[in-house]
Amino acid sequence: MSLIVDSITKRFGSILALDGVSFIVEPGRIFGLLGANGAGKTTSMRIVLDILRADSGRVTWGGAENISLARRTWGYLPEERGLYPRMLVGEQLRFFSALYGVPDAQARSEIDDWLERFRIPEYRDRKVEELSKGNQQKIQFIAAILHDPDVLIMDEPFSGLDPVNVRLLKEAFGEMRDQGKTLIFSTHQMETVEELCESIAIIDNGRVVVSGAVRDVKRAMGRSVVRLATGADDHDVAWLTDLDGVRLSAQREDYLELAVADGHDPEAILRALVERGSRVKRFEIAEPSLEEIFVEHVGRRAVDEADEHLAAVSRGGIAS
Amino acid sequence: MSGLLPNAYHVARREYFIRVRSRAFMVTTILLAIVVVALTLVPTILSAVGVADPPEVAIAIEADDLTSDPVVAIQAALLIGIGTEEDPDAGSSGRGDRPRVIRADDPEAAAQAVRDGELDALLTITSDDDGELAFDYLGSASPTNQTRILVTQAATALAIEERLEGAGISPEESARIFEPPTFTATPVDPGDDRDADDVGGAFILAYAVVILTFMAILTYGNWVAQSVAEEKSGRVMELLITAATPRQLLTGKVLGTGAAGLSQYVVIIVAAVIGFVANGPISSALGVTGDAPISLPDIGIAMMGSFAAFFLLGFVLYSALYAAAGSMVSRIEDVQQAAGPLIFLAMAGYFAAFTGLNDPDANWVAILSIVPFFSPYLMPARMLLTSVGTGEVLMALAVLLVTVGIALAIASRIYSAGVLLYGQRMGLRSIWRATRVAR
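Protein sequence lines, in the order shown, are assigned to chains A and B. Residue numbering for the first sequence follows the numbering used here, starting at 1 and increasing by one per position. Residue numbering for the second sequence follows the numbering used here, starting at 1001 and increasing by one per position.
Hints should not be assumed to be uniformly reliable.
[Said to hold, decoys possible] To give an idea of the chain B side of the interface with chain A (calculated C-beta under 7 Å), a few residues:
#, residue
1, Arg1014
2, Asp1136
3, Ile1241
[Said to hold, decoys possible] Covered by chain B, per the in silico footprint, the following chain A stretches (three or more residues, Cβ under 8 Å):
#, segment
4, 30-44
5, 47-60
6, 109-117
Think of the hints as simulated: they come from the structure by calculation, not from any bench. The beta carbon of each residue, even a glycine, is placed where N, CA and C say it ideally should be.
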């Protein structure tokens, strides 16, 4: 019953938007689709939803091709939010439910339930244009799920929400997953992915650069991370990188991050510190974060550019 | 591929109610209804305030030896063709416009009255030594002035009568000479039994059908395009296209908007009927003997049915393409530009129909009345004004129906490709490219 995206290719004129994109989403899981802007996430989603047709490749859900499946299989929250601005919230939601074939009575009670859950029951008889952006987004989310789809596909569902609403939405995600729904979403917020997703695919320039269970993706990086904080006056850490297989990957305000290559024991660092008599305030062995993985696969060039830009800004700041 | 229903119905229903509940729709409809009622009452009101009084022409006779009284003769000549001499008031639908003739006993006073605007014209009749009549017309002397034209004709008739008299031909003989011959016209179509009285009403009805069709296509077609462009620019489109197929969306949009437009038409027609019905009581209340109402030709159920079919199919044909035009633009302001070719086509049909109304039997009218895009205008007009074989009507309908099918297919391809393309201006080539990759 999994969703299988099998080497889909899509060309817009001279631009190759997707170049053999493949990934598998296990049913009843939350799947993260990561990528920089313009990487091909939205196009992939649209092809899965059969709003767009791929030039080649296929998409199957439970063995059936997506083009043969009923539309109510899918729920979709597009990145560009849009509702009828002058239509009442309740009427609008009933309209979309009707398009998916939900009986009106059922739609009404579901709408009331969801508005209640999102703490906006008083907006049912208000026009959409009178609502704040965040509340409109909640309405749009409700519109995507009222017909009880098996697969829910969301493009940047958290963007523009305040922390309270992000929390509400995450709870709704978990609950839907527990009901056996399959959720796919794209985002830039890596912490959210770490928190919610069992598996991911990272897309860059129309290709999947890495995909699979988050745990496997992290292991495949071939290293672990040590977060280390030593005594306040002990700033000389250069000697640490002389250790075999150890590399300084980031210097934070109050701790260091060291990358330890596979086949080397991270505890060697701890032993070396103890031998030198340093005071160890923090020593933590961890897997590399998704952010690191993302940056390593996609954003090296982008990150360098960003750093140069930052450096230029700070130089300018000093000069003035 | 899913069928049209029920989603086309849901889309149409939403479209209809959003439209008819909008303030703009209500205001426009009410205003149109008021205007229509006012228009139907205009002739009655005008005659009540005297504006519609017939022109008055005074005749000063400075000629001798006239065989008949020119005042009587000219008045009779002025009324020719709109009533019989025995009963000048009968069947006089246009009689109110014909000038009334009075005798000017004091030519100077009459001339002054013309200058003061109390009289419309003064006709002075003189004669030379040979008894040849000469006429001197004082009044609005523009060559297109209706009174002047009519009086000129009446004066010519009088002069000819006098000359014949001088040549020794008695009034009885001359009346016999100018008697029209027996002329019988037998229609090819034995069912075509309309007479001269029907034609006037048929013309008015034909104009009404052409104008109403044109207005419906331009106004409501534009609504369809606007509404598609709004959904696209407001980004609701992506939700819609996920929930329903382009064909369902397009069909629902066209039908919903069409239904709203028809509702507006019904209100206007009801207003017109109310106006006509109210005309009688209002005229008698105002003490005006109103003109006899225009008699509309007797059109059968079959003809009404085919009018409705041409109107609806024509509307669907145009508005499906309007929807496609609306889907091609990213901003609502660009709708008019994208719909330009359609507006041009609709105008071409409209003007062809107006020209064709003057010569409904011309070959080019017969041909154009079969051609889709033109047949919704021309065929109903032709059917009203001349006899058209059932086979021709059915063929025009069949051609139109097939074209509607093709147009819907093409329009939903353009629509499904267009609705997700933002930013770029779409030329024909990019549309074509897009339709090949859309679902």
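Now the hints, each set against the structure:
| no. | hint | in the structure |
| --- | --- | --- |
| 1 | Arg1014 | holds, 5 Å |
| 2 | Asp1136 | violated, 70 Å |
| 3 | Ile1241 | holds, 6 Å |
| 4 | 30-44 | violated (count 0) |
| 5 | 47-60 | holds (count 6) |
| 6 | 109-117 | violated (count 0) |
Of the hints listed earlier, those the structure fails to meet are numbers 2, 4 and 6, in rising order.
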